[in-house]
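K.L.:
Each chain is listed here by its residues.
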Amino acid sequence: MVFWDEVFEDVAAEFPQVETESLLVDRACMDFVRWPEDFDVVVASNLFADILSDIAAVVTGSMGLAPSANINPDKVHPSLFEPVHGAAFDIMGKGIANPIATVSAVAMMLDHLGEADAAARVDAAVARCLEERRVLTADLGGSASTSQMGDEAARLVVAG
Amino acid sequence: MSVLSRSTRSLGLLSRVATYSRTSFQEPQTVGVATTWSQWEGCGQHRRHLATEQGGSSYRQPAPSNSMYGGRHTVTLIPGDGIGPELAACVKEVFRVANCPVHFEEINVSGLISDTAAIDDAVKSIRRNGVGLKGILKTKLDDVDHHSLNVTLRVGLKLFANVVLCKSVPGINTRHKEVDIVVIRENTEGEYSGLEHESVPGVVEGLKIITSEKSRGIAKYAFDYATRHGRKKVTAIHKANIMKLSDGLFLRECTSVAEGYPSIEFNSMIIDNCCMQLVSRPQQFDVMVMPNLYGNIVGNIGAGLVGGAGICPGRNVGREYVVFEQGARHVGLDLAFQNVANPTAMLLSSVQMLRHLGNQSHADRIESAIYKTVSQPKNHTRDLGGTASTSAYLSSLLSYLKND
Numbered sequence: 001m002v003f004w005d006e007v008f009e010d011v012a013a014e015f016p017q018v019e020t021e022s023l024l025v026d027r028a029c030m031d032f033v034r035w036p037e038d039f040d041v042v043v044a045s046n047l048f049a050d051i052l053s054d055i056a057a058v059v060t061g062s063m064g065l066a067p068s069a070n071i072n073p074d075k076v077h078p079s080l081f082e083p084v085h086g087a088a089f090d091i092m093g094k095g096i097a098n099p100i101a102t103v104s105a106v107a108m109m110l111d112h113l114g115e116a117d118a119a120a121r122v123d124a125a126v127a128r129c130l131e132e133r134r135v136l137t138a139d140l141g142g143s144a145s146t147s148q149m150g151d152e153a154a155r156l157v158v159a160g
Numbered sequence: 161m162s163v164l165s166r167s168t169r170s171l172g173l174l175s176r177v178a179t180y181s182r183t184s185f186q187e188p189q190t191v192g193v194a195t196t197w198s199q200w201e202g203c204g205q206h207r208r209h210l211a212t213e214q215g216g217s218s219y220r221q222p223a224p225s226n227s228m229y230g231g232r233h234t235v236t237l238i239p240g241d242g243i244g245p246e247l248a249a250c251v252k253e254v255f256r257v258a259n260c261p262v263h264f265e266e267i268n269v270s271g272l273i274s275d276t277a278a279i280d281d282a283v284k285s286i287r288r289n290g291v292g293l294k295g296i297l298k299t300k301l302d303d304v305d306h307h308s309l310n311v312t313l314r315v316g317l318k319l320f321a322n323v324v325l326c327k328s329v330p331g332i333n334t335r336h337k338e339v340d341i342v343v344i345r346e347n348t349e350g351e352y353s354g355l356e357h358e359s360v361p362g363v364v365e366g367l368k369i370i371t372s373e374k375s376r377g378i379a380k381y382a383f384d385y386a387t388r389h390g391r392k393k394v395t396a397i398h399k400a401n402i403m404k405l406s407d408g409l410f411l412r413e414c415t416s417v418a419e420g421y422p423s424i425e426f427n428s429m430i431i432d433n434c435c436m437q438l439v440s441r442p443q444q445f446d447v448m449v450m451p452n453l454y455g456n457i458v459g460n461i462g463a464g465l466v467g468g469a470g471i472c473p474g475r476n477v478g479r480e481y482v483v484f485e486q487g488a489r490h491v492g493l494d495l496a497f498q499n500v501a502n503p504t505a506m507l508l509s510s511v512q513m514l515r516h517l518g519n520q521s522h523a524d525r526i527e528s529a530i531y532k533t534v535s536q537p538k539n540h541t542r543d544l545g546g547t548a549s550t551s552a553y554l555s556s557l558l559s560y561l562k563n564d
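If you read the sequences in order, they're chains C and W. The C-terminal residue of the first sequence carries number 160 in this note's numbering, and the numbering is unbroken. The C-terminal residue of the second sequence carries number 564 in this note's numbering, and the numbering is unbroken.
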């Protein structure tokens, strides 16, 4: 059997209440594009997950929205939280980058640090900001600047 | 531009050196008629590369199959596993009604049984005929001794380039419109070299092979394709920031080949950013060239953007043979024999094959009938969100053909 599948099946056996499925990466990429709502949690090896997570970030609306975490589960070493998007040198200094990915990465960090309430408040503020659609950066179809959208998210955290 | 007569074919090595030289792949100049020796698209026969008055070039092939008798080409047909046999039946019926001068030599190979004799027969048949049309052969995951028959075919016939045409189809509603991407994938090395070992239990090492020769070869194919088809830009896809030696070599070879095609724009992109860009703004891409695994992924994303695996045609090209198949290679075992499969991709691949054989008028008629058929929601199969059966789709297409 394929090594990856063997390990996956061994671990899956310990969690019988969790539904599992196995897909070849090309099929997964196509389905991410066509029916992303069919997916829940996806586990993959390094290169495949690199590619799939970037597709997922954009499919949810913008690469400016998705946060990520690089976790050391035993907390022996620091964990690292960052947006999924890259350095984007082409829009550097223009004040139009979407700050939500970074803000949501902070929420993930708070959660990791055990501050679940704080994390939930940040997530709720981000959700409200996106639902209200009043203050949005260009990638989401709005005209707000980075700091305007960041300030709005901060205001909603305090208000919320 | 060099003019090579038929007799140079016998010089073997000399003609091969000539085709590898950079000058033979520079853009065609506007001369009356120029003959270039091109071994890129199958069959090893020389091609006439005609320059039009407008200064472009049209690529027409007089008799490109090895087996042509009485005006009919003989082509190898491998139906394959899963939905393959039903789709092959659709092709045969469409060709019959359209009166295509093609005889199919059918070879039944299956990845579900271990039958090396059948795959050997298939390889011999394609060597004899020069051109093939195939469905997908199942690769069993749980048998480490079982190698993919699709890979065996590609490597055995040295089909070094896989081409997938991802083009939006009118009538198929997708998030992104006006997508027109050609994905060119190195087909014989890279992560598909099949070299893995477990030297320590629980630790598996795999070898990804990237060579100068094959990287250069696929880059030249991509630029030559772009030139021949009037495409404007070639983008090389890689992960050379991480795989500095392997993908670094690939990228360097692409960059070097690009210098020989100054009027084709060239850029490069890292695979993860490329996937993001494909999903957010696919219209920025034209021709894309990349190593094996990224090609598998990007080809499937491209297919997903225009409607799925049932839409995009593809081909596997070597210096002597060409084998046409669906662009996104999914066996569809769970869909087999239920009359639900979408024949569009397989039919469009067969149209591409007809063009390769020089049967432009038959290709045009069938392609027009396919587009008329699939543009109507009543003919959309399950994968397109519709309820049409394969047979309903086929009868609609045949009625367009007959009334043409």
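Where hints are given, some of them may not hold.
[What the hints assert, rightly or not] Chain W side only, calculated, beta carbon under 8 Å to chain C, not exhaustive: (1) Leu355; (2) Met436; (3) Ala463.
[Stated by the list, open to error] To spell it out: a stretch of chain W is covered by chain C in this simulated footprint if at least three of its residues, at any positions, have a beta carbon under 8 Å from a beta carbon of chain C; those stretches are: (4) 424-435; (5) 464-476; (6) 556-562.
Think of the hints as simulated: they come from the structure by calculation, not from any bench. It should be emphasised that the depicted structure is a prediction, and the values quoted were computed from it without experimental measurement. Virtual Cβ for every residue (Gly too), placed ideally from N, Cα, C.
K.L.:
The hint names methionine 436 of chain W as touching chain C; please verify it with the least Cβ-Cβ distance against 8 Å.
P.N.:
Since the shortest Cβ distance to chain C is 5 Å, the answer is holds.
K.L.:
Go check the stretch 464-476 of chain W versus chain C for me, would you? Three or more residues, Cβ under 8 Å, otherwise it fails.
P.N.:
holds (count 4)
K.L.:
Test coverage of the stretch 424-435 of chain W by chain C using CB-CB distances below 8 Å; three residues minimum.
P.N.:
holds (count 4)
K.L.:
With a Cβ-Cβ cutoff of 8 Å, does the stretch 556-562 of chain W contain at least three residues near chain C?
P.N.:
violated (count 0)
K.L.:
Go through the hint on alanine 463 of chain W and say holds or violated, using the shortest Cβ distance to chain C against 8 Å.
P.N.:
Hint on alanine 463 of chain W: holds, closest Cβ of chain C at ~6 Å, below 8 Å.
K.L.:
Does the CB of leucine 355 of chain W sit less than 8 Å away from some CB of chain C?
P.N.:
It is violated, given that the least Cβ distance between leucine 355 of chain W and chain C is near 15 Å, above 8 Å.
Checked against the numbered hints above, the structure violates hints 1 and 6; every other hint is satisfied.
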